[in-house]
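Kindly produce the complete structure, drawing on both the sequences and the hints.
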Amino acid sequence: MRRVALLLMLAGSLVFPAIGNATASSGLQQDDDTTDRADAGIARESDDLVPLPRIKPEEEELALLSTDAPLPQKRPDGIMLPPSPLATGLLTPADLSIYRRAYAAADDGKWEEARAIAAKARYRLPAKIIDWRWMTRFRTTASFDQITAFIRHNPDWPQQDVLRRRAEEALADPISPKRILAWFSAHKPESGVGMLRYGEALAASGHAEAGNRWIKDAWISGDFPADVEREVLARHGKLLTRADHENRLDHLLWDRNAGAAIRLFPYVGGNAKKLAIARIRLMRNAGNVDAAIRAIPEELRNDPGLVYERMKWRRLNALNEESRELLFSVDDTVPRADKWWPERNLQARKLLRKGYITDAYKLVSQHGLEEGADFAAAEWLSGWIALQFLGDGKMALGHFVNLYENVSYPISRARGAYWIGRAQAARGEEALAKYWYEVAARHYTTYYGQLALQELGVEKLPPIPHLGKPAAANLKKFKESKLVLAVRHMGELDMSKWAKAFLIDMAERAKDQ
Numbered sequence: 011m012r013r014v015a016l017l018l019m020l021a022g023s024l025v026f027p028a029i030g031n032a033t034a035s036s037g038l039q040q041d042d043d044t045t046d047r048a049d050a051g052i053a054r055e056s057d058d059l060v061p062l063p064r065i066k067p068e069e070e071e072l073a074l075l076s077t078d079a080p081l082p083q084k085r086p087d088g089i090m091l092p093p094s095p096l097a098t099g100l101l102t103p104a105d106l107s108i109y110r111r112a113y114a115a116a117d118d119g120k121w122e123e124a125r126a127i128a129a130k131a132r133y134r135l136p137a138k139i140i141d142w143r144w145m146t147r148f149r150t151t152a153s154f155d156q157i158t159a160f161i162r163h164n165p166d167w168p169q170q171d172v173l174r175r176r177a178e179e180a181l182a183d184p185i186s187p188k189r190i191l192a193w194f195s196a197h198k199p200e201s202g203v204g205m206l207r208y209g210e211a212l213a214a215s216g217h218a219e220a221g222n223r224w225i226k227d228a229w230i231s232g233d234f235p236a237d238v239e240r241e242v243l244a245r246h247g248k249l250l251t252r253a254d255h256e257n258r259l260d261h262l263l264w265d266r267n268a269g270a271a272i273r274l275f276p277y278v279g280g281n282a283k284k285l286a287i288a289r290i291r292l293m294r295n296a297g298n299v300d301a302a303i304r305a306i307p308e309e310l311r312n313d314p315g316l317v318y319e320r321m322k323w324r325r326l327n328a329l330n331e332e333s334r335e336l337l338f339s340v341d342d343t344v345p346r347a348d349k350w351w352p353e354r355n356l357q358a359r360k361l362l363r364k365g366y367i368t369d370a371y372k373l374v375s376q377h378g379l380e381e382g383a384d385f386a387a388a389e390w391l392s393g394w395i396a397l398q399f400l401g402d403g404k405m406a407l408g409h410f411v412n413l414y415e416n417v418s419y420p421i422s423r424a425r426g427a428y429w430i431g432r433a434q435a436a437r438g439e440e441a442l443a444k445y446w447y448e449v450a451a452r453h454y455t456t457y458y459g460q461l462a463l464q465e466l467g468v469e470k471l472p473p474i475p476h477l478g479k480p481a482a483a484n485l486k487k488f489k490e491s492k493l494v495l496a497v498r499h500m501g502e503l504d505m506s507k508w509a510k511a512f513l514i515d516m517a518e519r520a521k522d523q
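Under this note's numbering, the first residue of the sequence shown is numbered 11, with each subsequent residue one higher.
No lab work stands behind these hints, which were simulated from the structure alone. Since the structure is predicted, the reported quantities are computational estimates derived from the model, not experimental observations. Glycine residues also receive a C-beta, built at the ideal position from the N, C-alpha and C atoms. Careful, some of the hints might be misleading.
Claimed, not checked - Computed cross-link-like contacts, DSSO-like style, restricted to lysine-lysine with a CA-CA straight-line distance of at most 30 Å:
| no. | residue 1 | residue 2 |
| --- | --- | --- |
| 1 | Lys322 | Lys364 |
| 2 | Lys521 | Lys479 |
| 3 | Lys404 | Lys360 |
| 4 | Lys470 | Lys507 |
| 5 | Lys364 | Lys404 |
| 6 | Lys487 | Lys521 |
| 7 | Lys510 | Lys470 |
| 8 | Lys507 | Lys120 |
| 9 | Lys492 | Lys130 |
| 10 | Lys372 | Lys360 |
| 11 | Lys486 | Lys507 |
| 12 | Lys470 | Lys444 |
| 13 | Lys510 | Lys120 |
| 14 | Lys349 | Lys489 |
| 15 | Lys507 | Lys487 |
| 16 | Lys372 | Lys349 |
| 17 | Lys372 | Lys404 |
| 18 | Lys349 | Lys284 |
| 19 | Lys360 | Lys322 |
| 20 | Lys404 | Lys349 |
| 21 | Lys510 | Lys492 |
| 22 | Lys349 | Lys360 |
| 23 | Lys322 | Lys404 |
| 24 | Lys489 | Lys507 |
| 25 | Lys489 | Lys510 |
| 26 | Lys198 | Lys349 |
| 27 | Lys198 | Lys248 |
| 28 | Lys489 | Lys521 |
Claimed, not checked - Each pair of labels, with its calculated beta carbon distance range:
| no. | residue 1 | residue 2 | range |
| --- | --- | --- | --- |
| 29 | Pro473 | Phe148 | 46 to 54 Å |
| 30 | Arg304 | Glu518 | 47 to 55 Å |
| 31 | Asn281 | Ala328 | 28 to 36 Å |
| 32 | Pro165 | Ala305 | 52 to 60 Å |
| 33 | Ser231 | Glu381 | 15 to 23 Å |
| 34 | Ala214 | Ala301 | 44 to 52 Å |
In structure tokens:
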């Protein structure tokens, strides 16, 4: 918790920069950043001034303001502004000037120019930040060797999953199958391109069956830019079947990627194309949707993707009752439950307002989700409707237990436990209700933890444990951490917008110390 508190203070200093920033030699400083050397041509290892609050003007000041005399342009000598908590004191005036220019170029998307400018600095950590930002960007020009070298030398830097995806996207023919297999022996594929390259490397190494399976799976479920699509079709056109193309078409349409779907039309059957045209017209709210639907063979008109688009189209065109008819026609086995949940949630709340309680419960309880925030929301809403409106504590209990057992954050655990207590109380199980209120009350800094305390008759909150001051050694270690210095440099160099990923990553890794 102490480390988290330090991180919050660090984040606050970025959001609310201090009044000024003093440097050893140039008086005022705006922002900094740094890096070190890596073995693939990669670097390794100031806030704008806010005016001081005006004091009450003296008579001379008022007289000055009432005349046409010019205002002073220079701060009077001898007035010292307090140093910013972000200032590291690690940048010489020369490096500060270099990095200001490098960061300005990076902010304009001129990455090669930014890296070239940063290479002139002696202190390297701000240059490494530029490299990190460059490599994590979509369609980065960084090579596989550069990105993997960065990962190897900086395993604790944020967005490692993004860096791995960018490394996969940079895999190209000059890289041998042996090297590709070595990479994927340590890192599972993170992207469609990664799955594709892994499959190609397997096939080239004598494992054709396994390799072809990876290539097919990559094609069906991967998201590729148009140039990679053309490459796949040119290289593996004979391997991929019409069924593979139609499965990919369905995947793309669920992701509402109409452009890529249309590019597949030459490779799919006529009925699949008709179905896709209708889905695209519906998702684009285009005209002649009825004609497009009539063109689909009868046996395909209950396709889940088509039903979904028709349902959503009706709701967007204020046909809510007709939209709900289609929602009720599918159950919890329908594919892509994540897509259906927002519609179920929205329509269930409309039904609640109209007093159709059973229908609302049916819509949300058949959500088909298995994990994640939407799963928790769906289970809570199902339990709440069952308890508050249907008066069925037993049915509600099942949903609240599902919620509690599938969440981990204190606020969610408290919510699940509290509502289990409410459901047990409704069933007349007072002892069990008390037990679950006590479980929820362990998280007494959360909303539901405090509601649980209220149910237990506790009128005064327990004292919040005093964390105390961190040990001097721990504080020194924290301040000298490369990641903490990186955040401070981003603040110094007016690039606080890059710091969010660092702060979130450090907070998630922080432990109670």
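Now for the hints, and whether the structure bears them out:
Taking the CA atoms of Lys322 and Lys364, the gap is about 20 Å. The hint holds against a cut of 30 Å. A threshold of 30 Å between alpha carbons decides the hint, and for Lys521 with Lys479 the separation of about 15 Å falls inside it, so the pair holds. At most 30 Å may separate the alpha-carbon atoms for a hinted pair to count; Lys404 and Lys360 meet this at roughly 25 Å. For the proposed pair Lys470 and Lys507, the alpha carbon gap of about 41 Å is over 30 Å, so the pair is violated.
Only pairs whose Cα atoms come within 30 Å are accepted, and Lys364 paired with Lys404 is accepted, the gap being roughly 25 Å. Between Lys487 and Lys521 the CA atoms are separated by roughly 14 Å; this keeps the pair inside 30 Å, and the hint holds. Note on Lys510 and Lys470: the hinted pairing is violated, with a Cα-Cα distance of about 36 Å set against a maximum of 30 Å. Proximity of Lys507 to Lys120 is assessed by CA-CA distance (about 17 Å); at most 30 Å being required, the pair is judged to hold.
Pair hint Lys492 plus Lys130 holds up; C-alpha atoms about 20 Å apart against a cutoff of 30 Å. For the hint pairing Lys372 with Lys360, the CA-to-CA distance comes to about 13 Å; that is within 30 Å, so the pair holds. At most 30 Å may separate the alpha-carbon atoms for a hinted pair to count; Lys486 and Lys507 meet this at roughly 26 Å. About 18 Å separates the Cα atoms of Lys470 and Lys444, which keeps this hinted pair within 30 Å; it holds.
With a CA separation close to 22 Å, the supplied pair Lys510 and Lys120 stays within the 30 Å bound. At roughly 44 Å between alpha-carbon atoms, Lys349 and Lys489 are farther apart than 30 Å, so this suggested pair is violated. Pair hint Lys507 plus Lys487 holds up; C-alpha atoms about 25 Å apart against a cutoff of 30 Å. Taking the CA atoms of Lys372 and Lys349, the gap is near 17 Å; set against the 30 Å cutoff, the hint holds.
At most 30 Å may separate the alpha-carbon atoms for a hinted pair to count; Lys372 and Lys404 meet this at roughly 16 Å. Only pairs whose Cα atoms come within 30 Å are accepted, and Lys349 paired with Lys284 is accepted, the gap being roughly 22 Å. Distance hint between Lys360 and Lys322 is fulfilled; the C-alpha atoms sit about 15 Å from each other, no more than 30 Å. Distance hint between Lys404 and Lys349 is fulfilled; the C-alpha atoms sit about 29 Å from each other, no more than 30 Å.
Note on Lys510 and Lys492: the hinted pairing holds, with a Cα-Cα distance of about 15 Å set against a maximum of 30 Å. A distance of roughly 18 Å separates the Cα atoms of Lys349 and Lys360; the hinted pair therefore holds under the 30 Å criterion. Between Lys322 and Lys404 the alpha-carbon distance is near 33 Å, which puts this suggested pair outside the 30 Å criterion. A C-alpha spacing of about 20 Å is found between Lys489 and Lys507, which places the hinted pair at or below 30 Å, so the restraint holds.
Taken as a hint, the Lys489 and Lys510 pair is honoured in the structure, with Cα atoms around 18 Å apart against an allowance of 30 Å. For the given pair, Lys198 sits about 26 Å from Lys349 by alpha-carbon distance, which is consistent with the 30 Å threshold. As the CA atoms of Lys198 and Lys248 are separated by approximately 26 Å, the hinted pair is consistent with the 30 Å bound. Of the supplied pair hints, the one linking Lys489 and Lys521 holds, its CA atoms being roughly 16 Å apart against a limit of 30 Å.
A beta carbon spacing of about 48 Å between Pro473 and Phe148 agrees with the range 46 to 54 Å that was offered as a hint. Between Arg304 and Glu518, the C-beta spacing of about 52 Å keeps the proposed range 47 to 55 Å intact. At roughly 31 Å, the beta carbons of Asn281 and Ala328 sit within the given window of 28 to 36 Å. As the Cβ distance of Pro165 to Ala305 is approximately 54 Å, the hint placing it in 52 to 60 Å holds.
As the Cβ distance of Ser231 to Glu381 is approximately 19 Å, the hint placing it in 15 to 23 Å holds. In this structure the hint that Ala214 and Ala301 lie 44 to 52 Å apart at CB holds, the actual value being about 48 Å.
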